[in-house]
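Visitor: Listed in order, the protein sequences are those of chains A and B.
26 is the number of the first residue of the first sequence in our numbering; add one for each residue after it.
31 is the number of the first residue of the second sequence in our numbering; add one for each residue after it.
Derived from the structure by calculation, the hints contain no laboratory data.
Among these hints, one or two may not hold up.
[Claimed, not checked] No farther apart than 27 Å at their CA atoms in a straight line, the calculated lysine-lysine pairs in the DSSO-like style are these: (1) Lys272/A to Lys249/B; (2) Lys249/B to Lys286/B; (3) Lys45/B to Lys266/A; (4) Lys272/A to Lys35/B; (5) Lys226/B to Lys249/B; (6) Lys89/B to Lys45/B; (7) Lys263/B to Lys286/B; (8) Lys35/B to Lys45/B; (9) Lys109/A to Lys272/A; (10) Lys249/B to Lys35/B; (11) Lys272/A to Lys45/B; (12) Lys89/B to Lys35/B; (13) Lys109/A to Lys266/A; (14) Lys45/B to Lys109/A; (15) Lys266/A to Lys89/B.
[Said to hold, decoys possible] Derived coverage of chain B by chain A (criterion: at least 3 residues anywhere in the stretch with Cβ under 8 Å from a Cβ of chain A; other residues may be distant): (16) 106-114; (17) 122-132; (18) 261-274.
Just so you know, even glycine gets a beta-carbon here, dropped at the ideal spot from N, CA and C.
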Amino acid sequence: MRVFLTLLRREWLAYVYAPSMYWVVVIFLLLMGTSFGMMVHILAEGAATGSVVRMLIGESLFFWLAMLMVVPMITMRQFAEERKLGTVETLLTAPVGDVAIVLAKFSAAWVFFLMLWLPTAAYAWLLARISPESAPIDFSALMTSYIGIAAMGAFFIAIGLLASSLTSNQAVAAVITFAVLCGYFFWGFMPQFGRGVQLQEVGRYTSSLMHMLEFSRGVLDTRPLVFYLSVTLFLLFSTVKVVEAQKWRS
Amino acid sequence: MISVKHLTKVYHGHKAVDDVSFEVERGEVVGFLGPNGAGKTTTMRILTGYLAATGGDVKVAGFDVVTESLEVRRRIGYLPESVPLYPDMRVDEYLRFRARIKRLPSRRLRSMVGEVKERCGLQGMGRELIGRLSRGYRQRVGLADALVHDPELLILDEPTLGLDPNQNRQVRDLIGDLANRHTILLCTHILPEVEKTCSRVLIINQGRIVASDTPEQLKLAQATGHRIRVQVKGPASAVENALMTLPHVQSVTVLKDGPWVDARVESAREIDLRSNVFDLVVQEGWLLRELREDNWSLEDVYLNVTGLPNKSGREIQP
Numbered sequence: 026m027r028v029f030l031t032l033l034r035r036e037w038l039a040y041v042y043a044p045s046m047y048w049v050v051v052i053f054l055l056l057m058g059t060s061f062g063m064m065v066h067i068l069a070e071g072a073a074t075g076s077v078v079r080m081l082i083g084e085s086l087f088f089w090l091a092m093l094m095v096v097p098m099i100t101m102r103q104f105a106e107e108r109k110l111g112t113v114e115t116l117l118t119a120p121v122g123d124v125a126i127v128l129a130k131f132s133a134a135w136v137f138f139l140m141l142w143l144p145t146a147a148y149a150w151l152l153a154r155i156s157p158e159s160a161p162i163d164f165s166a167l168m169t170s171y172i173g174i175a176a177m178g179a180f181f182i183a184i185g186l187l188a189s190s191l192t193s194n195q196a197v198a199a200v201i202t203f204a205v206l207c208g209y210f211f212w213g214f215m216p217q218f219g220r221g222v223q224l225q226e227v228g229r230y231t232s233s234l235m236h237m238l239e240f241s242r243g244v245l246d247t248r249p250l251v252f253y254l255s256v257t258l259f260l261l262f263s264t265v266k267v268v269e270a271q272k273w274r275s
Numbered sequence: 031m032i033s034v035k036h037l038t039k040v041y042h043g044h045k046a047v048d049d050v051s052f053e054v055e056r057g058e059v060v061g062f063l064g065p066n067g068a069g070k071t072t073t074m075r076i077l078t079g080y081l082a083a084t085g086g087d088v089k090v091a092g093f094d095v096v097t098e099s100l101e102v103r104r105r106i107g108y109l110p111e112s113v114p115l116y117p118d119m120r121v122d123e124y125l126r127f128r129a130r131i132k133r134l135p136s137r138r139l140r141s142m143v144g145e146v147k148e149r150c151g152l153q154g155m156g157r158e159l160i161g162r163l164s165r166g167y168r169q170r171v172g173l174a175d176a177l178v179h180d181p182e183l184l185i186l187d188e189p190t191l192g193l194d195p196n197q198n199r200q201v202r203d204l205i206g207d208l209a210n211r212h213t214i215l216l217c218t219h220i221l222p223e224v225e226k227t228c229s230r231v232l233i234i235n236q237g238r239i240v241a242s243d244t245p246e247q248l249k250l251a252q253a254t255g256h257r258i259r260v261q262v263k264g265p266a267s268a269v270e271n272a273l274m275t276l277p278h279v280q281s282v283t284v285l286k287d288g289p290w291v292d293a294r295v296e297s298a299r300e301i302d303l304r305s306n307v308f309d310l311v312v313q314e315g316w317l318l319r320e321l322r323e324d325n326w327s328l329e330d331v332y333l334n335v336t337g338l339p340n341k342s343g344r345e346i347q348p
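Using the sequences plus the hints, can you model the full thing?
Guide: Written out as structure tokens, the structure reads:
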């Protein structure tokens, strides 16, 4: 446990020390800020049809852009950077299990991802300040949205971590992650456009778009949570196996 | 401490290590030599658990490197050739991080980090950013990292690479110092260093162990005869021919022509020709300015067993 915490601290500090991570914060806040601005604009025109949280998170194009763009930037360095620097050799020859290494890297990335969302809580407060009477923000919907974002984020980060363990080139890791995330996002339209009942049913169960629309409505469904938890664990397990397999390369 | 039996590693389609067996006893300082690409780094990586072997049985301190890898890694301090470090960390921060993940108890952390910094000449460098250190200091940080958990076995891959002669000397002294407390497997290309620090030498070539003994024994075993060096002023061909006519001479190699002929004379092992050469020079009325024993160096042994040509000058044999 002490070793895990030491590794986690190191991984976390690597984020804090890296100047590129400040760019990630800036890009993220620009995208979410735009989403917020558009929501305020719609409210001001009195054209609002749905809930405020849904406009900010589930339905917003900028919310999805943020989810799809930020995760690859967070995870791309994880293993790729260690390979490039060669530090993977000193790391893997220290008396530390591969599981602890993968979990530490995952946890640090996930915590960083969650920290990104922290400032967005201010949007609710801001909105209440701007117009106390119109469309009060639904706090339970905001909470369920954050839970959904945390679960989906874990899954997305696990994808990025696996991609990063496959290459020593950060850019390649980022591109793979972005491509897979985009593919998964568009798969989310399956319930509407899929041919056949089975495909639509599978789509409904796995569509991140559908999940997020539900979460931002204030519905806390355990099925998507179980789905994200299980695929995350599976991906982390795969990452451990990839790291192990590199010992056997020939 | 180290037991390697029939180790084989197939890497990129060819045998990087081919049926290698050797033992290292506790307390030994073993020099691990060989040309680049001979399989040294691969062997070290297998010992440290970074790579898995294709075949064979490797044990460190009685633990199998594959099935009991964590136990093995606890006992090894490893300095890889490229000295990989995190450039965004400070020296103290890095050493403390490494000590913790190597499970050094907290109460010993401060004193051990201080001790290894002192031994490696890193006092006052604790706040420096690793990314800004020079090659020599990076090397020291890597060495301090290898030592920080006081491992039983040190595996050092070219610890003096890229150091200036002063630093080189410091590191060599440090290794000599460490030899009292640790078993050391030292991989290097600097052969005088090996002669000074190592109690035994392993030479690997094309994935196979080609020599394993103390430096003295290796020199004795490899030396085909007794060699002397002689510098004489006289007509080159006459000198050559006269030297050849001496009894028991096996070969004469002229290393340098010119007014002063520089020659290496090799005779049977137990025969010292120096007095005979002196008599010859006096008898011929030449001038003599050097006459000495020219023993086999470790370099000669190394070049000989790794199959590289060790001939400069022309050689004539009877």
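Visitor: Each of the hints needs a verdict: does it hold here or not?
Guide: Quick rundown of the hints versus the structure:
| no. | hint | result |
| --- | --- | --- |
| 1 | Lys272/A to Lys249/B | 38 Å, violated |
| 2 | Lys249/B to Lys286/B | 25 Å, holds |
| 3 | Lys45/B to Lys266/A | 25 Å, holds |
| 4 | Lys272/A to Lys35/B | 19 Å, holds |
| 5 | Lys226/B to Lys249/B | 14 Å, holds |
| 6 | Lys89/B to Lys45/B | 21 Å, holds |
| 7 | Lys263/B to Lys286/B | 11 Å, holds |
| 8 | Lys35/B to Lys45/B | 16 Å, holds |
| 9 | Lys109/A to Lys272/A | 16 Å, holds |
| 10 | Lys249/B to Lys35/B | 26 Å, holds |
| 11 | Lys272/A to Lys45/B | 16 Å, holds |
| 12 | Lys89/B to Lys35/B | 9 Å, holds |
| 13 | Lys109/A to Lys266/A | 20 Å, holds |
| 14 | Lys45/B to Lys109/A | 25 Å, holds |
| 15 | Lys266/A to Lys89/B | 24 Å, holds |
| 16 | 106-114 | holds (count 5) |
| 17 | 122-132 | holds (count 5) |
| 18 | 261-274 | violated (count 0) |
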